[in-house]
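Colleague: Protein chains in written order, with full-length UniProt numbering: chain A, 1 to 219; chain B, 1 to 128.
Possibly wrong hints are sitting among the right ones.
Unchecked claim - When the alpha-carbon atoms are kept at most 20 Å apart in a straight line, the in silico EDC-like pairs for lysine to aspartate or glutamate are as follows:
(1) LYS107/B - GLU82/A
(2) LYS79/B - GLU82/A
(3) LYS106/B - GLU60/A
(4) LYS83/B - GLU109/B
(5) LYS79/B - GLU121/A
(6) LYS86/A - GLU65/B
(7) LYS68/B - GLU109/B
(8) LYS83/B - GLU82/A
(9) LYS102/B - GLU82/A
(10) LYS83/B - GLU57/A
(11) LYS86/A - ASP63/B
(12) LYS83/B - GLU62/A
(13) LYS126/B - GLU60/A
(14) LYS107/B - ASP182/A
(15) LYS68/B - GLU59/A
(16) LYS79/B - GLU57/A
(17) LYS106/B - ASP54/A
(18) LYS102/B - GLU60/A
(19) LYS106/B - GLU107/A
(20) LYS111/A - GLU95/A
(21) LYS102/B - GLU121/A
(22) LYS106/B - GLU121/A
(23) LYS106/B - GLU56/A
(24) LYS107/B - GLU121/A
Hints were generated in silico from the structure; no laboratory data involved.
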Amino acid sequence: MASSVRAIVGLSFRSSCLSRINVPTVQSVRYRKPRWLPIAASKEFYVRKPTPIDPEEHEELESRYKHYRATVRGIRHYLRQELSKKTVTTKEKQELDEAAEFAWMEEEVKKWNQMLATSREQRQSEEERQEEERLQHVMQQKAEARLQRSLEAEKILQQNKASAVNFVTTENLEEEIEKMLDSRSDYNYAITKTGDILPGENPAVSEKRDQQTVKKANT
Amino acid sequence: MPRLPQRKSFDIIRLALHGCTNRPFYHIVLTKNTRPRDAPPFEQLGTFDSMPNIHNEKLVSLDIERIKYHLANNVALSKPVEKLLGLGGLLPVFPMSYTIAKRNRKKMEAATNDTEEHLQEEDTEKSQ
C-alpha cells in the first residue's frame, strides 16, 4: 500500500515538472517484489489451498497418460527407425557416388599420364638424338685434334732430325774442339756509329777484322 | 543477488508468443528450454492462431517433416504443443484434452438443465 502511494506521489511530482497545467494523472502502478526480498509480512504464513482433484478424473487421467506415453514412445521409436533407414540409403548412395567419382578421377589421371608419357617419350628421343650428335661432333673434333697433334709432332721430329746433323757427338768431339779452338775471335774492339769496327791491339785478329771491314764496305 | 542453481538444458518444441496487445499469436519453435520464451529460435516449425476466426476456426500450421525428424531425435514437447499435435493426428490425443472436453460437456449439460428448469419454473408460474 505504502509503495503504491509512493509511486503515485512520484508521478504527480513528475507531471507538475513536465507541464504547468495541473492535470490529474491516473495510472495504475503495480509494485513487483524483487526476487531477493523476503516474503511479504502479510504472506508470511500463507499456505496455498491445493487444487481439488476429482478422484474419478484422476484415475482416468492416470491410465490415459500411461497409454499416451507408451504410444508416444513407440511413435518416436518408429520415427527413429525410419530416419535411420533414410540415412542408410543416403549413405549407400553416397558410397556409390564416391565410387563413380573415384573411377572418373582414375580415368582422368590415366589420360593425363598417357599424354605426359607421349610428350616425354618424344622429348627424350629428341634429347637422345641431340646427345648422339653432340658426341659424334666431339669425337670428330678429338680425332682431328689428335691428327693435328701427330702432324705437329712429326714436323718437330723432322726439324729436330735435320738439326741433329750438326750435333756434337763422341766421334767428332775432338774435331769440334779443335775447330772451336782455331776459330778464336777477339771482341776487344770498338764500333763506330756507322757500324765500322775499330780493331784493337791484337794484330792477328785485327788483320782479320780489317779484312771483314773491307768486305762490309764493299757490300 | 544469490545465484540460482543451473537447470538441466535440453531441446524443446514449444510456443513463442508473437502477438500484439489483446491479439495472441504463437510460433511453434525449436529452442533450448533455458532460453527466453520469445528469443530467436533454432528453427520455426509452425504457427498457431489461438483466436477463432469468422468460421470459428483456430488455425494451426505445422512443418510435419521437421517435427517428425525432431521427434526421432528425442526432442521434448511442451504440453500445449502435445495437445496441438494430438488434435492434428501426428500423436495420440493428449489425455488432458479428453478431460477438458468432458468438463466442458458437463458444464454445458448443467447450463441446459438450468435453463430448462428455469423455463419450466416460469411455465408453472404462468400457469398458476
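Colleague: Now, for every hint given, state plainly whether the structure supports it.
Modeller: Here's how the hints hold up against the structure:
For the hint linking LYS107/B to GLU82/A, the alpha-carbon distance of about 44 Å lies beyond 20 Å, and the restraint is violated. Of the pairs offered as hints, the one joining LYS79/B and GLU82/A is violated, with about 25 Å between alpha carbons and a cut-off of 20 Å exceeded. Pair hint LYS106/B plus GLU60/A holds up; C-alpha atoms about 16 Å apart against a cutoff of 20 Å. Restraint check: the Cα-Cα separation between LYS83/B and GLU109/B comes to about 24 Å, which exceeds 20 Å; the hinted pair is violated.
Simply put, LYS79/B and GLU121/A have alpha-carbon atoms about 78 Å apart, too far for the 20 Å limit, and the pair is violated. Between LYS86/A and GLU65/B the CA atoms are separated by roughly 13 Å; this keeps the pair inside 20 Å, and the hint holds. At roughly 39 Å between alpha-carbon atoms, LYS68/B and GLU109/B are farther apart than 20 Å, so this suggested pair is violated. About 24 Å separates the Cα atoms of LYS83/B and GLU82/A, which puts this hinted pair outside 20 Å; it is violated.
Using a Cα cut-off of 20 Å, the hinted pair LYS102/B and GLU82/A is violated, with the two alpha carbons roughly 36 Å apart. Between the alpha carbons of LYS83/B and GLU57/A the distance comes to roughly 18 Å, so the proposed pair stays at or under 20 Å and holds. For the hint linking LYS86/A to ASP63/B, the alpha-carbon distance of about 18 Å falls within 20 Å, and the restraint holds. For the proposed pair LYS83/B and GLU62/A, the alpha carbon gap of about 16 Å is at most 20 Å, so the pair holds.
The straight-line distance between the Cα atoms of LYS126/B and GLU60/A is roughly 45 Å, outside the 20 Å bound, and the hint therefore fails. Under the criterion of a C-alpha separation no larger than 20 Å, the hint pairing LYS107/B with ASP182/A is inconsistent with the structure, at around 175 Å. Note on LYS68/B and GLU59/A: the hinted pairing is violated, with a Cα-Cα distance of about 31 Å set against a maximum of 20 Å. Proposed proximity of LYS79/B and GLU57/A is supported: the alpha carbons are some 18 Å apart, at most 20 Å.
Restraint check: the Cα-Cα separation between LYS106/B and ASP54/A comes to about 14 Å, which is no more than 20 Å; the hinted pair holds. As the CA atoms of LYS102/B and GLU60/A are separated by approximately 12 Å, the hinted pair is consistent with the 20 Å bound. Taking the CA atoms of LYS106/B and GLU107/A, the gap is near 78 Å; set against the 20 Å cutoff, the hint is violated. As the CA atoms of LYS111/A and GLU95/A are separated by approximately 24 Å, the hinted pair breaks the 20 Å bound.
Taking the CA atoms of LYS102/B and GLU121/A, the gap is near 93 Å; set against the 20 Å cutoff, the hint is violated. Simply put, LYS106/B and GLU121/A have alpha-carbon atoms about 98 Å apart, too far for the 20 Å limit, and the pair is violated. Distance check on the hinted pair: LYS106/B and GLU56/A sit about 14 Å apart at the alpha-carbon level, within 20 Å; holds. Between LYS107/B and GLU121/A, the direct Cα distance comes to roughly 99 Å. Violation of the 20 Å bound is thereby established for this hinted pair.
Comparing the model with each numbered hint stated earlier shows that hints 1, 2, 4, 5, 7, 8, 9, 13, 14, 15, 19, 20, 21, 22, 24 do not hold.
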